[in-house]
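**Q** Just so you know, the sequences run in chain order A and B. Residue 384 in our numbering is what sits at position 178 of the first sequence, and the numbering runs on without skipping anything. Residue 860 in our numbering is what sits at position 15 of the second sequence, and the numbering runs on without skipping anything.
Source of the hints: derived by calculation from the structure; they are not laboratory data. Hints may be right or wrong, so weigh each one.
Once the Cα atoms are required to be at most 27 Å apart in a straight line, the calculated DSS-like pairs of lysine-lysine come out as [as the list claims (entries may be wrong)]: (1) 291(A) - 904(B); (2) 872(B) - 401(A); (3) 222(A) - 896(B); (4) 291(A) - 915(B); (5) 880(B) - 398(A).
None of these values were measured; they are calculated from a predicted model.
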Amino acid sequence: MNSTQNEINNNLNVIKSMIEKTKTNTAESGSIFILWGWLVITASVLTYFFVCKEWFDRIGYIWFLLMGFGVVATILLVNRHVNRKRVKTYSQLALSNLWFACGISFFIIAWIGLPLKVIPFESLYIIMAVIAGVGLFATSGILDWNMLRVSGTLWWVAAIVMMFIHWHFHTLIFALATIPGYLIPGYALNKKYKKNQNA
Amino acid sequence: MRKFGMLDPIIHAPIRLAILTVLISVKSADFTFLKEATETTDGNLSTHIQKLENAKYVKVSKSFVGKKPKTTLSITKLGRKAYENYVEEFSAYLKHTSG
Numbered sequence: 207m208n209s210t211q212n213e214i215n216n217n218l219n220v221i222k223s224m225i226e227k228t229k230t231n232t233a234e235s236g237s238i239f240i241l242w243g244w245l246v247i248t249a250s251v252l253t254y255f256f257v258c259k260e261w262f263d264r265i266g267y268i269w270f271l272l273m274g275f276g277v278v279a280t281i282l283l284v285n286r287h288v289n290r291k292r293v294k295t296y297s298q299l300a301l302s303n304l305w306f307a308c309g310i311s312f313f314i315i316a317w318i319g320l321p322l323k324v325i326p327f328e329s330l331y332i333i334m335a336v337i338a339g340v341g342l343f344a345t346s347g348i349l350d351w352n353m354l355r356v357s358g359t360l361w362w363v364a365a366i367v368m369m370f371i372h373w374h375f376h377t378l379i380f381a382l383a384t385i386p387g388y389l390i391p392g393y394a395l396n397k398k399y400k401k402n403q404n405a
Numbered sequence: 846m847r848k849f850g851m852l853d854p855i856i857h858a859p860i861r862l863a864i865l866t867v868l869i870s871v872k873s874a875d876f877t878f879l880k881e882a883t884e885t886t887d888g889n890l891s892t893h894i895q896k897l898e899n900a901k902y903v904k905v906s907k908s909f910v911g912k913k914p915k916t917t918l919s920i921t922k923l924g925r926k927a928y929e930n931y932v933e934e935f936s937a938y939l940k941h942t943s944g
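Bound conformation, chain A alone:
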């Protein structure tokens, strides 16, 4: 009976220890949040500046260049991450599908809807903020992290605020919302990831 009890305790410890090890080894690095956070802030502030200067025809180029750079850098980061990563989790799969879907939505709105004038420039940032809110809020559920729930909600608050102010200032609101929306969670994830790596 004693040896059976030992076996039970041993196997229970094996299960607990493996769950713990898997949990600490699958944290996200947050690098993609940080990358997109800075790119969106840069593009939004430059857009505001160009709107003030009435250089409307140049706005598309800023977004095209910065977002193009973002897509290439994301592909490189993901590839490096996949090659280095020794374990692939269901949450990573869910996150990549979710953000891919958000990316496609941004693309349809900004690069098809806007040039075709189906989506007016006045509504562009409002729609983008709503989609970003969905992405962040869903991410909070996948990672079980309440901070992202706040970030997602702030994107929706930003979308509502934009509905009440002149479109000239939408890019500034968008840049402001990016700080709690992408940058703060990105750096917090990165800190958590580094802590796990050093543990």
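Got chain A; can you put chain B on it based on the hints?
**A** Okay, now just chain B, sitting in the frame of chain A:
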């Protein structure tokens, strides 16, 4: 009365239980990750993986990252079912012994 010895012998060995516990919670894991998690040697891990593969509880895929070979494992439907049954039996036995 439940007998502890009736638990699936393929899963019951600590290393194999450890491998399946990792694989049940992830989509896939590579050999090095499992080696570090189980704190065992290459040879020992390979032997246990072989047993799990023979029982069709895990799927083993081999690929290359650059010039380095990489062995990746994932749990099969049969393996998931067997693990769930094992945990169910194990819990029932724990309840029986504690109550």
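**Q** Would you mind marking each hint as holding or not holding in the structure?
**A** Hint check:
{"no.": "1", "hint": "291(A) - 904(B)", "result": "holds, 19 Å"}
{"no.": "2", "hint": "872(B) - 401(A)", "result": "holds, 24 Å"}
{"no.": "3", "hint": "222(A) - 896(B)", "result": "holds, 23 Å"}
{"no.": "4", "hint": "291(A) - 915(B)", "result": "holds, 11 Å"}
{"no.": "5", "hint": "880(B) - 398(A)", "result": "holds, 24 Å"}
Of the numbered hints given earlier, the model fails none.
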